[in-house]
Amino acid sequence: MSTVAETQIKLTPEHDARPGATVRSWLQDLLPKIVLAPSFAATIVFVYGFILWTIYLSFTNSKTFPSYDITGARAYQRLWRWTFESDPPSSWYTSITNMGIFGFLYILICLALGLFLAILLDQKIRGEGVLRPIYLYPMALSFIVTGVAWKWFLDPGLGLEQTLHQWGWTSFHFDWIKNKDFVIYTVVIAGVWQASGFIMAMFLAGLRGIDGEIMKAAQIDGASTFQLYRRIVIPLLRPVFLSAFIVLAHLAIKSYDLVVALTSGGPGGSAWLPSNFMYEFTFKRNEMAVGSASAVIMLMTITAIIVPYLYSELREKSR
Amino acid sequence: MSAVASPAGQAASGARARTLNRIVIYGLLALFAIFYLMPLFVMLVTSFKTMDEIQNGNMLSLPHAPTFAPWIKAWSEVCSGLTCVGMKGYFWNSIKMVLPAVLISTLLGALNGYVLTKWRFRGHTLVFAMMLFACFIPFQSVLLPMATILGSLGRFGVTLQNATGFNFGLGNSTVNLVFVHVVYGLGFTTLFFRNYYEAFPTELVKAAQVDGASFFQIFRRIMLPNSLPIIVVTVIYQFTNIWNDFLFASAYAGSGDVMPMTVALNNVVNTSTGVVEYNVNMAAAMIAALPTLIVYVVAGRYFVRGLMAGAVKG
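First to last, the protein sequences are chains E and S.
Mapping of the first sequence onto the working numbering: residues 81 to 399, in sequence order.
Mapping of the second sequence onto the working numbering: residues 247 to 560, in sequence order.
Bear in mind the hints are in silico, worked out from the structure with no lab data behind them.
Quantities reported herein were computed from a predicted structural model and do not represent experimental measurements.
All C-beta atoms, glycine included, are put in the ideal place defined by N, C-alpha and C.
Don't take every hint at face value.
Claimed, not checked - Where chain E lies over chain S, by a calculated footprint (3+ residues, C-beta under 8 Å):
{"#": "1", "region": "312-320"}
{"#": "2", "region": "368-377"}
{"#": "3", "region": "388-402"}
{"#": "4", "region": "478-492"}
Could you build the full structure based on these sequences and the hints that come with them?
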């Protein structure tokens, strides 16, 4: 991989002995690094430096303003205690429970629905060119717009419930968005609506990449379509499953806007995710240390998922 | 699911089974198309109805007498909190933030990708990996330090203002957001260009070097003219992401007349003074959605390509 760079360096005119030229060729060699340096420096300072800063803050007793006296792991101890405070649930307990419910359902349904739609679309469908963009367009919308649209659609007094009442199904009742026990499931619905089309596109690209010969051979061997998909196609899609999982897991942990726009946090903060917890505690409740600690926990969760993935991807590429 | 995908046993070669199978497939596909289109449809028709029709009519029915009044009100009169000046100012805030942020981050990404593929040095993989990881961090983990820094810069800007009569953009919310979006968008733009240039023939670069072309000449004359597809992908990806951002916008420009579109929309929808005008809210949401929707309709292919490139890292 590095052979390219080595041969390139040799191409610069080293034999030129004039003093000015040496400085110039030296600068020429350095130029690429100088060009890259600002971006790399920005990454070091504003990503890694800031992460360290956040970690530092989480060990202080910062309230409204940052304080820089280390006071130990109090913020983490509080979060740990709150983790088990289920009756009445602490905000942190609600946030991480919601994260579990939302993360699990969101990833599972998006994967299942995405794969299902991709397989359907792969059956030589006329009008595929029309359907695909329809499934995918929600990904172009902001979570705020998605939230506003679904808030209206799921509103018991205005949306789906009222419409079905008008159509004569008067016993229909759907008030999840106002119900503290079910509000998180409305976030799942809106989230799935937004991302599943994209997962479909990923699976479809994967399906299109499968060698047609393998499929034909299996069909000649007498495999039914069901067997064909279960035994051959789906195992071949494993890399797509992995990428899709990474995308979804990372979207799920970062979800913040959707909860705000769709539920305004839900009744009594019942729709909070850790990202909402972080924002509220840091900027509204003046518990900066606790907010920072929760951000660190979010970061560690994502890191645990992403780093092994990136490591294997980059290593594979450089081999 | 499989029952649908499979003809009712491949032994049943009857045309009837196949037709039935096709009907089921098309039926399901149409059903899902309705599921995906419904919220947009409801938003759109509601934005053209009068309040009277919304309260007494059906959510799904087309407007009896379509009116543009909600759109006009959303654009120039709607209240966000106590200020009632419409969305237009916030719309321009977003434009003023998005354009420079997209341009700068795309240009830097192109240069970075060029260096990381054609001018490799020891440790280039590590540098790339570190920039790539930045794409994934939850921004909550940098939110607070950035707020502190932007706050200090703002105070410094006031000092400068007093001393020199000019604050050099320090403390300006739009400048702040441009800066933040460039910094945290660099990972993606670098990734896009790096992967694209990886496949670009290095021989061409070498030949140009032998002919005496400099670093920037090669970039301008050889790399850039051949980068149109990835430039389009990157610009669309960045445009969509930055336009749709809410977290940074609400943290660093969360109130007053400096809010970008997403924050303003959220405030408008949650403004609870007086009667809630759903038609105006929906029109405001449509205005916020239109720029990215138009991009999607015009260049959907590139939009999807960007999402894919952003998904399959490395």
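(message) Is the coverage entry for the region 478-492 of chain S by chain E consistent with the three-residue Cβ rule at 8 Å?
(response) It holds: at least three residues are needed, and the region 478-492 of chain S offers 5 whose Cβ sits within less than 8 Å of chain E.
(request) Given that the region 388-402 of chain S was listed as covered by chain E, double-check it with a C-beta distance under 8 Å for 3 or more residues. (result) holds (count 6)
(request) Would you check chain E against the region 368-377 of chain S, counting CB to CB pairs closer than 8 Å, and say if three or more residues qualify? (result) With 8 residues closer than 8 Å to chain E, the region 368-377 of chain S meets the three-residue bar; holds.
(request) Check, residue by residue, whether the region 312-320 of chain S contains three or more positions whose beta-carbon lies closer than 8 Å to a beta-carbon of chain E, and give the verdict. (result) Per the Cβ count (0), the hint is violated.
Checked against the numbered hints above, the structure violates only hint 1.
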